Structure formats: structure tokens, C-alpha cells
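Chains as they are written, first to last, in this note's numbering: chain A, 1 to 744; chain B, 1 to 52.
It cannot be assumed that every hint is accurate.
Stated by the list, open to error - In silico EDC-like links for lysine to aspartate or glutamate, alpha-carbon gap of 16 Å or less: (1) B:Lys27 <-> A:Asp720; (2) B:Lys30 <-> A:Glu721; (3) B:Lys34 <-> A:Glu677; (4) A:Lys219 <-> A:Asp248; (5) A:Lys519 <-> A:Glu721; (6) B:Lys30 <-> A:Asp720; (7) A:Lys401 <-> A:Asp364; (8) A:Lys449 <-> A:Asp520; (9) B:Lys27 <-> A:Asp726; (10) B:Lys25 <-> A:Asp701; (11) B:Lys34 <-> A:Asp531; (12) A:Lys320 <-> A:Glu109; (13) B:Lys30 <-> A:Asp726; (14) A:Lys240 <-> A:Asp531; (15) A:Lys360 <-> A:Glu396; (16) A:Lys697 <-> B:Asp32; (17) A:Lys519 <-> A:Asp530; (18) A:Lys372 <-> A:Asp314.
Stated by the list, open to error - Far from chain B, by Cβ distances over 10 Å, these chain A residues were calculated: (19) Gly315; (20) Ser358; (21) Pro387; (22) Glu413; (23) Ser481; (24) Arg665; (25) Val699.
No lab work stands behind these hints, which were simulated from the structure alone.
Since the structure is predicted, the reported quantities are computational estimates derived from the model, not experimental observations.
Built from N, CA and C at the ideal position, the CB exists for glycine as well.
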Amino acid sequence: MIQKSAAFPISLIFPPQGHFTQPYLALPCLKAWLEQHGFGEVDLIDASIEAYDHFLSPDELSWAADRVRERLPLDSFGKSGELSFDELEGYRAAAESAVSADALISGIESAKRVVRGEEFYSPDAYLPAMRSVYHGLRLYSAAHFPSQLTPHNFTMRCANDRSEEVLAATLNEDENPFIRFFRERVLPGLVERQPRLVGLSVIYGSQLIPALTLGRMLKAALPDCHVTAGGGFLAYIGKKLLAAPGIDACLDSLIFHEGEAPMLALANALQAGESLGTIGSLDWYDRSSGSAVRVENPQGHPIRLEDAPTPSFDGLPFEKYFTPEVVIPYDINRGCYYGECAFCTLPTVIGPGYRTRSAKRIVDHVTELSEKLGTKNVNFITDCMPPGMIADLPNELIERKADLRWWCDARVEPKAYTPEGARNLYAAGCRKLLFGFETATPRLLKLMKKGQSARATLDVARNCTNAGISVTFYAMVGFPSETREEARATLDFIRDNSDVVREVSLQTFHIDEVAQTYKDAEAFGIEILDDEHADLQLYHDYISESGMTQTESAEMFEEMMAAFREHLPLFSGDNIYYFMNKSHYFLHLARDVAPDEFVELCRARTERRQSNATTHTDLAPAQDLGVATLRFRYTDVIRALAHPLARAVRPDFLTGRYVEDLVARADAEIGTIKPVENVLAYSSRGAEYTELTPDGKQVLDALSEVGSLDLLFDSLAGADERGRADLVRFAARLERAGVLNPTR
Amino acid sequence: MSDKQDQDSQTSSKPAEKLETLAEKLKLGKLDLKVEEVEERISPSETNVFDK
Chain A
1 MIQKSAAFPI SLIFPPQGHF TQPYLALPCL KAWLEQHGFG EVDLIDASIE AYDHFLSPDE
61 LSWAADRVRE RLPLDSFGKS GELSFDELEG YRAAAESAVS ADALISGIES AKRVVRGEEF
121 YSPDAYLPAM RSVYHGLRLY SAAHFPSQLT PHNFTMRCAN DRSEEVLAAT LNEDENPFIR
181 FFRERVLPGL VERQPRLVGL SVIYGSQLIP ALTLGRMLKA ALPDCHVTAG GGFLAYIGKK
241 LLAAPGIDAC LDSLIFHEGE APMLALANAL QAGESLGTIG SLDWYDRSSG SAVRVENPQG
301 HPIRLEDAPT PSFDGLPFEK YFTPEVVIPY DINRGCYYGE CAFCTLPTVI GPGYRTRSAK
361 RIVDHVTELS EKLGTKNVNF ITDCMPPGMI ADLPNELIER KADLRWWCDA RVEPKAYTPE
421 GARNLYAAGC RKLLFGFETA TPRLLKLMKK GQSARATLDV ARNCTNAGIS VTFYAMVGFP
481 SETREEARAT LDFIRDNSDV VREVSLQTFH IDEVAQTYKD AEAFGIEILD DEHADLQLYH
541 DYISESGMTQ TESAEMFEEM MAAFREHLPL FSGDNIYYFM NKSHYFLHLA RDVAPDEFVE
601 LCRARTERRQ SNATTHTDLA PAQDLGVATL RFRYTDVIRA LAHPLARAVR PDFLTGRYVE
661 DLVARADAEI GTIKPVENVL AYSSRGAEYT ELTPDGKQVL DALSEVGSLD LLFDSLAGAD
721 ERGRADLVRF AARLERAGVL NPTR
Chain B
1 MSDKQDQDSQ TSSKPAEKLE TLAEKLKLGK LDLKVEEVEE RISPSETNVF DK
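Only chain B is shown next, with the shape it has when bound in the complex (with noise of 0.2 Å):
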């Protein structure tokens, strides 16, 4: 993950208790775990008829 500071915090932490920790931040069937992708779109400037 290139998100430096996110690396930084997990480090240190001790997977028994992280695990703990989690299960309790998570609370699981009350997460909004919504995913948008982005569908790449073509415009007139982008359908060049003359490309190869």
C-alpha cells in the first residue's frame, strides 16, 4: 500500500491483539462497502475514425 502513513501504523502492532482490535472496530453488516469502478468512457474527441 502506498498510503506511507497507514504503513508506518501497522508496523509495529502485534498480530494477536490486532486481530481483536479489528473485530471490534469492524462491526460487520453495518459497513457501507460500496465500490465504484470507473467505466472507461469514449467521447467524439476520442473515437478518432482515422486511428488505427
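Looking at chain A on its own, in the form it has when it is part of the complex (with noise of 0.2 Å):
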């Protein structure tokens, strides 16, 4: 290791949002190079999950509420007498937050305690602790409406792809909750470190407002400290993004493709007071004539994976992430060695060039890792695992004991997954893998260039399901021209082979600037088209000549997941938080329990929630249980919003995209809500929402007055046998819901 005199602190940050379960891989890579070339003090940051963990605090909850009760007062809705559609996202915040504010504030710690801890393995624990934590993410995004952080995104009222807006979004402090975050928890940090040079990681949309925000903020604290941005996101905009007037306020540079070498030319340049002129893939402000003036440097070579060291986590608070076991992320190769999918964009955020490690270095960083953050758990982190790395990783970790349980993405290969290599898979340790199955349409595979039938897909998968790995497919909805019949023949595929496939991450089609079906649109019979006024656009609209519209493509995107939820197990009711949390169901694969006796867990949780029965009898009313009466049905509320139009004025965490001209459809499609009396409940135990009538509540009342159902029963005594049966009834529905306890 190089050993540099002079002291050079770098802080490399990954703004928020990004997922809470696990760290992400880039920034531990780039600390790891830097140090092995000198540079000791390089600091990690993960704002995201600090911001996950702050929020959800039963301060930050009870702050949340007040905020609330003052910028979004109930009685403040439908003074017209009815609902508007423009005023159901805020009814429905402040709904929620009027009858689940004291619960989510008492209960959260608990609920954070039981996702992190051994109680996370029982579905009757994790999954309403779950719910809180998502119900707490509603609160807090209330408090900032109409934002909305939620454990797979960040949205605020604004478009991603218009600097001018982004840039208001990044002073915004009544909307934009990560403002006071980082003036209160991360800049004091970092003022009294002194960073020379702080990077900032943007993979996701979701981060670019957030990391924009922080880089303004650092600039004003830290006027000499140099601020520079890269990752996947930025890897497809930052070209428009630099010459957008203003970004100069929050970045001092951008780094296109994989970071390590161009970040330590930069620590190196930065260090030496050199020109940042020769730094390979590095766009720059040069501010040498008092003025930015922006600078795009050619692009530079990507380091020798293999050289590459193993990644430091070191000073990551491993003890926040959402889950009771470290997964550790670890990148097998760079770049897809098939790179012809005509959807895909990969090449454009990862760089040129495919580049993988040999299996002998994999596993020694596996291992090392494994042994210092304790964990036997790890996420390959592939595009697509090389059919030869297919054999000669299982071989390499079982030859080694490495005793590693792991999942990752995977390519249909039939010559690699036969019944015996996937019997060698499993021995190795692998217990989950995510296929591209994209469509069951032979015609559509062609046009997408994917180069494999369903056929071969449904072979890989039943050979790995039968080693005992869970398969998940990837599957889309909408590529040009696909009908309504093809979308349903792929749903009916998947629907026959339930028994195969566990999970499907289902996508609506997009098209962004970079992939083969925007750069040639005619040969796929589309249209694209332009919003003029979008200087960051990356997405775009179009009008295809054949087969499905966008919005008839949304409409059957919610009919296959609603059939999907209806036939995989993993799906149904609130299981579906373990397919949202993709490793949180590996972690139980990781244990060893088998994909069909998690399946049947999941079956069996779903047909008890569906009973109307109780065992019993001394139910009363939770000890925090909020209820308020609403005068619009909140589940109208809910189904309006579920409209797929309603839910296409919101940015998706892909487009990030805001189309605001849909307000105006939406509102006219969807119509109004009329007023209809009705009651919200709210228990800390359940964390459901749940809607009674004026009746339930007075039943409700009537056991809160008598101290449990067996003794309202007792007061009943002439009632009839249908009305005591009602009451059953009411009253299991109730516990399951967590409004009614067991009193002993």
C-alpha cells in the first residue's frame, strides 16, 4: 500500500434514497481503492439508511404529527361536500396520520426491534412490523406532503427531469425532508472533519434531489472542500445535468461509469493542487476564470477488476440497516457478457467493456468479508453470472467450505443449469435466483433480442426449483406492440407454472434515451416523443403503431400483479412485504427452510387472516388504539387512488417522472367522492388500517364500556342467534386487525 504524508480526508456519502435492507456495494469498492493507493482517510456514509432510522424515531414520528395536524387539518377536505381527486392524496395522509399518529410513535421501536432481531423469522411478528414501518414512512412524508418517501422511492410534487424544478425541490425545506436531516445530523459531521473531497453516489432517481440538496448544502459549509457526484443515475443524465444552469451551486464534477479510477486521479490532482484536465471520465466546472465553466474530459480506461481489492464496509452502522442478518453485497463481474437485450441499458451505467473477477478471488473476498461482519449471507451482485462462472463458483465455494448461503441475478443458460449443475448451485450455497423471462411471447423475445425461448426458461427454472432455489422471474408489460392477449398469455404461463416460480417483479415498459428501442423507434413501430421543456430527460412517452397503449399497458400491469397476488403464495395479502424485500425472504431460504415450506407458510398465514372465526372470547379494544370518524370513506379514498390514472400523475421510481397534464384527466375519469360516514381504526399490534360503520363504532364503544366480548355477550342474553353470529364475526375480523386483543 501506498502510504500518502499529507493528511487528505475524503468522505464518499450515499445520499438518500435507496433501499434499507442492505448497504450498497459502490462506495465500500471506492474506499477500499483508495486506501490501497494511500488514501487512509476515507470516510463512508450511508445518509440513506441514517435518514430511515432518524425518521423513524418516535421524536421525529411525534414532530411528524404535529406537522401534520398543522399543514393537513381534516376538516379542511371536501368543503364543497364533496371529495375532489386533487384532494385525495392529503385526505388520505391526513387520515391516516388522525388515527395511527400515537400508535406508529408508541410502537415503533419495537416494531424497528423485531425486523432487526430473531423475531423478524415468525410472520405474525415480522409482518405487522412491517406495516408500521411503511405507516411510519407515510407519517413522516405527510408531514412534508405532497412528498412521499416510502421504503423504494422518493417523489416530491416536481419532475426529475426538469433542472429548474429540481433545483427549487433542493430549497424547499417545507416539502423537502431532507434539508433539516442533513443541516442537523450529517453537515456537523462533516464540518468538523473537514473532508478535502466528499463523494456523493446517485444509482437511483430517487437520490438526485436529495444528493443535490446535500451538495448545495456542502458547498455553503465547506467552501474548499471539492464535491463531486457519479453512479448509475448520473451515468445516463450528467452530461445534461452539468450544463444545466445552476448545478454549479451543488457539484463541483461528475464521474461517469465506475468510479475507482477516477476518483483517486481526482483525490491525487485535488492533493497535488494539478489541473483536473487529464482526469479520464470526469466532467468538471473549471472555476479558474471566476466564473464555472463546464469541462468534459475524454473518457478514461476501467481499472482490472481482479486487481481490484476487497471492499472496505468499514464505519458503516450495519446495526441500522432493516434486518436481523448482514447481507453482503459483492460484485462478481462488471458488464453483461450477452449486452443485446434491445430494452436493456446497462452498458450505458456501468461503462464499456465486460470484465469479471476469477472464482478464486471472488471467494477469497467472500470469505474474508464473511469472517469480519459475521455473516455467512451474500448477494452477487451480477447482471448476468458467465455460463463458466456458473460451474466454477459452486465449485470453488464448496471445494473451499466456504459454508455461504447467497442469491443473485442470473441469465437464462440451459447448458449450465442442467438438474446437475443446479444440485451443484445448491450445494454452494445459492438459495435464490432472479431470471429475465421478460414475456411468454415467442414474438416479443425476437423483437427484444433476448436470445431464449420460455421454454428454456421454464427448463433452467423447474431444475432449480428442484435443487431446492427459489426462482424468481422478471417479466414486462408493454413492449411495443404486444396486444392484451399476449400480456395475457404471459400471466397465464406464469400461472401454470406457480409450482416453479415463486416471485415475479413485474415492470410496465419504458424508454429511456440510451437503449436500442429509443435510438431506433421505427424498427419497433413507436413514436417517441419529446417534452420540450424536460432539459433533463431520460424517458420518454411514445406512441407505439400496434398492440397496447401506456396507459392500457399501467391498466394491464395491475391486472396481472391482482392475479399474481392471487396465485403465488409469496403475493398473497401481506406476504407481499417479503417479495418487497427481496433478501428478507432469502434470509429465510438462507436458514435453510425450503422454498415450498416457506410457500406453505405463507398459504397458511393467508387462509387464517381469511377466517372469520376466534378462539377468543375476552376480546376487547387495543390499549392504543386510535379511531376517528371520517366523512369520506377512506376506502373509496384508497380505490380512487389505486386508479391506474391516479396513480400516473405520481413520478415511478424508475421514470421519475411527473405528468402533469394527467391531473386533469384523473380528475375528470375519476370523478368525486360523496360523503359517506365512516370510522377509521388504528392498533400498534395490527398496524392495518381498518373502516367500520358508525355501528362498529358503537359496538366498539359498547366493549370499551363493558371490558371484553364475553361480557357484552353476557349483557346481550335475549339477542338473537344471527346477532350474536354477526358479532363473531365482526369481532374476529377485528382481532385480526389488531383492534381487539385478547384481555388475558
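Dock chain one against chain two, each of which comes alone in its own frame, and use the hints as you go.
Encoded structure:
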């Protein structure tokens, strides 16, 4: 290791919002590389997990509840007598906060303990705890309405593809929850540390506004510190971003593609006081003339992956991730050896070339990390494991008795995933594989240039399933020219093979500027639509000559997802959280629970929750039960917001687009909601929003007064059988929702 | 129950009187005891393929 003489602190920061179950890999790779090349003071900050943990604390939720009462008073909605479309989201936020804030404030620490502890492995403890976590974020979001922070996304009222709106969002403290968070929780430590170089890792569109917010605050607080950024999302829009007026107030430079070489060169140049003009894959602002002049350097060379050191996760707060056990992310290779799929843009994100590590080096690194971090769980990061590696890696893991449990994405390689190959993978610790299935229609597979058939995918999947490996399919709806019938054929195919496919990761098709579908639109029978105001535009609407429209595709998504929820046990009822948090399901498999066994657990839980029977007669209202009488039915609002048009008006995680004129269309099509008095109830134990009628509330009040269901029955000795049966059913449903609990 | 008004109105009542009043009030068999639970729905914006 080279030793540098002068101190040169570097801080590498992962801005909100990224997934909260495990750290992102890029910054640990950069830290290790910089340390190997003599920069010994490299600090890692996962500001995303820090924000999640902080926001989901009793004090912050309490602050949020007060703020919601001020910003979204329930009686301010429906003044015209009906609830209009543009009031729905606010009303929902206000109603949920009114009824659940107290239970969430008192129950959030317990919920976090469940998710991070041994109780995680009990679905009856885990699922309500996860609901509390999601609902806690809804309460925190309501305090910044209409912004929404979920475990999967962060959106504000603006589009990600208009720099003027994005920059305005970085200054909007009323709606941007990260301004106060950065000021109070992140900046003080950085100001004390005085880093000379800060690197922000922007992988997802959801990180753009928070990253620029932090960049702006950093540049104001530490004027001598160089603030750079890089990562997958910026590989797409970086050139446009740096060209946008005002971005120089947030950033000094941008790194494109793989960060190791440019980041090291940048640190060296800054430390030596040299020009940044020779650093490959770096665009930067030359401020030597007094104003910021954008400079684009030529593309540099990627590193030899085999030379990269073991990633360093030192300093990351592992206790704060929402998981009971650490799952180590580790990249087997970078790039894709296939690289032909028409919809895929990964080469743009990752950079040119396909490189892999040797099986020996991979096992060296993951066993070292396993020992250091005290975990056997690994998430191999790979777009598709090359055929040779499918044999080499398991053999190396088995030979060296690594005893790890792992999961990864995979491409369908029939010659590699044979029955014997799959058994070998299982023996080497593989417990879950995710394959790009996309569609069951041969015509579309050909158009997509997938180079595989649905039948071959199924054979591979069956071999893996038979070996004990859980199989997930990635599927796509709305590829140009796809018809409803073709989408339904994909649905039927998956449904018919639900004994092989445990999960389906379904996406609606999007066109981004670097995919073949954009570059050669005519070949796909589509006309691309441009938005002249979107200077950061990456995703485009389009008109297809044949097949479903974009709106019809969104509707088909709903139809397919509803069918999956009916036919795939992992998607049924609240088991969906296992799918939404992929590593949580994996952790069960990592304990050698067989997929069939887990599916049975999910099925049994759903059946139990659908039952109207109760074995308890000593039921009484939960101690922390929140109850609110509402003018408009909560479930009417939820149903209206589930309409595809209502969903489309919010930016999604992938496109980050906000389609403004859809509000008017949604308003016209969805209509208004008429008042119907109803009652919403919520407790921390059930963590479910439960709607009752005013009659139901009367019964609830009666139960509160007499103390329990059996005492209520005593007092209703003259009631007929039907009335008593109604009451038992009612009590059973409320028990399941945690509204009523056994007193003993 | 966090509905403060409801709590306040309940604390001073005597149990024996309450039982009779409730039995009269409830009219069991004629009550609408429908319960609606809201299933967590997922949309394209929530199924992040990159999530772990």
C-alpha cells in the first residue's frame, strides 16, 4: 500500500433514497481502492439508512404528527361537499395520520426491533412490524406533503427531468425532508471532519434531489471542499445535468461510469493542486476565471477488476439496516457478457467492456468479508453470471468449504443450469436466482433480442426449483406492439407454472434515451414523444403503431399483479412484504427453509387471516387504539387512488417523471367522492387501517365500557342467534386487524 | 382508545347502568357490522427491481 504523507480526508456519501435492507456496494469498493492507493482517511456515510432510522424514531414521528395536524387538518377537506381528485392524497394522509400517529409513535421502536432481531423469522411478528415501518414513513411523508418517502422511492411534487424544478426542490424545506436532516444530522460531522473531497453516489433517480440538496449545503458549509458525484443514474443524465444552469451551486464535478480510477486521479490532483483536465471520465467546472465553465474530459479506462481489493464496509452502521442479519453485496463481474437485449441500458450505466473476477478471487474476498462482518449471507451483484462462472464459482465455494448462503440475478443458460448444475449451485449455498423471463410470447422475445425461449427459461427454472433454489422471474408488460392477449398469455404461462416460479418482478416497459428502442424507434413501430421543457429528460412517452397504449399497459400491470396476488402465495395478503423486500425472503431461505415450506407458511397465514372464526371471547379494544370518525370513506379514497390514472400522476422510481396534464384527466375520469360517515381504526399490534361503520363504532364503544366480548354477550342475553353470530364475525375480523386483543 | 372524547365520556359511568344502556342501544341483528381492511397494494412505482 502506498502511503501519502499529507492528510487528505475524503468522505463518500450515499444520499437518500436507496433500499434499506443492505448497504450499496459502490462506495465500499471506492473506499478500498482509495485506501489501497494511499488515501488512509476515507469515511463512509450511508445517509440513506441514517435518514430512515432517524425519521422512524418516536421523536421524529411525534414532530411529524404535530406538523400534519397543522398542514393537513382533516376538516379542511371536502369543503364543497364532495372530495375532489386533487384532495385525495392529502385526505388519505390526514386520515391515516389522525388515526395512527399515536400508535406509530409508541410502537415504532418495537417494530424496528422485530425487523432487526430474531422475531423477524416469525411472520406473525414480522408482517405487522413491516407495516408499522411503511406506515411510519407515510406519517413522516405527510408532514412534507405531497412528498413521499417509502422504502422503495422518494418523490416530490416536481419532475426529475426539469432542472429548474429539481433545483427549486433542493431549497424547499417545507416539502423536502432532507434539508433539516442534513443540517442537523449530517453536516455537523462533516464540518468537524473538514473533508477535502466528498463523493456522492447517485444510483437511482430517487437520489437526485437529495444528492443535489446535500451538495448545495456542503458547498455552502465547506467552500474549500471539492464535491463530486457519480453512479448509475448520473451516467444517464450527467452531461445534461452539468449543462443545466445552477447546478454549479451543488457540484464541482461528475464522474461517469466506474468510479475507482477517476476518483483516485481526482484525489491525487486535488491534493497536488494540479489541473483536473487530464482525469479520464470526469466532467468538471473550471472556476479559474471566476465563473463556472463546464469542461468535458475524454473517457478513461476501467480498472482490471481482478486487481480490485476486497470492498471495505468499515464505518457503516450495520445495526441500522432493516434486517436481522447482514447480507454482503459483492460484485462478481461488471457489464454483461450478452449485451443484446433491446430494452437494456446497463452498458451505459456501467461503462464499456465486460470484466469478471476469477472464482478464486471472489471466494477470497467473500470469505474474508464473511469472517469480518460475522455473516454467511451474500448478495452477488451481477447482471448475469457468465456460463463458465456458473460452474467455477460453486466448485470453488464447495472446495474451500465456504459455507455461505447467496442469491443473485442470472441469465437463462440451459447448458449451465442443468439438473446437476443446479444441484451443485445449491450445494454451494445458492438459495435464490432471478431470471429475465420478460414474456411468454416468442414474437416479442425475438423483438427484444433476448436470445432465449420461454420453454428454455421454464426448463432452467424447473431444474433450479427441483434443486431447492427459489426462482424469481423478471417480466415486462407493454413492450412496443404487445397486445392484451399476449400479456395475458404471459400471465397464464406464469400461473400454470406457479409451482416453479415463486415470485414475479413485473415492470411496465419504459423507453429511455440510451436503449435500442429509442435509438431505432421505427424498427419497434413507435413514435417517440419529446418534452421540450424537460432539459434532463431521460425517459420518453411514445405512441405505438400497434398493441397496447402506455395507459393500457398500466391497466394490464394492475390486472397481472392482481392475478399474481391470487395465485402466488408469496404475493398473497400481506406476504407481499416478503416480495417487496427481496433479501427478507432470502434470509429465510438462507436458514435452509425450503421454498415449498415457506410458500406453505404464507398460504397458511393468508387462510388464517381470511377466517371469520375466533377462539377468544375475552376480546377488548387495543390499549393504543386510534379511532377517528371520517366524513368520506377511507376505502373509497384508497380505491380511487389505485386507479392507473391516479397512480400515473406521481413519478415512479424508474422514470422520476411527473405528468402534469394527467391530473386533469384523472380528475375527469375518477370523479369526486361523496360523503359517507365512517370510522377508521388503527392499533400498533395490528398496524392495519381498518374501516368500520358508525354501528361498528357503537359496538367498539360498548366493548370499551363493559371490558370484553364475553361480558358484552352476558349483557345481551336476549339477542338472537343471527345477531350473536354477526357479532362474533365482527369481533374475529377486528381481532385479526389488532383492533381487538385478548385481555388474558 | 385515542379518541379522547370517547374516553372522557366513559370514565364516570357505573358498570351496572352501562350494561343495560348498551343492550338497549345495540339492537343486535340490525347493526351494519361491515369491516373493510385495506390490503397493501403495489404499483409500478413501488416494485423497484433494483431493491434488495
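For each hint, the structure was consulted:
no., hint, verdict
1, B:Lys27 <-> A:Asp720, "holds, 10 Å"
2, B:Lys30 <-> A:Glu721, "holds, 12 Å"
3, B:Lys34 <-> A:Glu677, "holds, 13 Å"
4, A:Lys219 <-> A:Asp248, "holds, 10 Å"
5, A:Lys519 <-> A:Glu721, "violated, 70 Å"
6, B:Lys30 <-> A:Asp720, "holds, 11 Å"
7, A:Lys401 <-> A:Asp364, "holds, 12 Å"
8, A:Lys449 <-> A:Asp520, "holds, 14 Å"
9, B:Lys27 <-> A:Asp726, "holds, 12 Å"
10, B:Lys25 <-> A:Asp701, "holds, 11 Å"
11, B:Lys34 <-> A:Asp531, "violated, 48 Å"
12, A:Lys320 <-> A:Glu109, "holds, 12 Å"
13, B:Lys30 <-> A:Asp726, "holds, 10 Å"
14, A:Lys240 <-> A:Asp531, "holds, 14 Å"
15, A:Lys360 <-> A:Glu396, "holds, 7 Å"
16, A:Lys697 <-> B:Asp32, "holds, 10 Å"
17, A:Lys519 <-> A:Asp530, "holds, 13 Å"
18, A:Lys372 <-> A:Asp314, "holds, 10 Å"
19, Gly315, "holds, 20 Å"
20, Ser358, "holds, 25 Å"
21, Pro387, "holds, 23 Å"
22, Glu413, "holds, 20 Å"
23, Ser481, "holds, 20 Å"
24, Arg665, "holds, 17 Å"
25, Val699, "violated, 7 Å"
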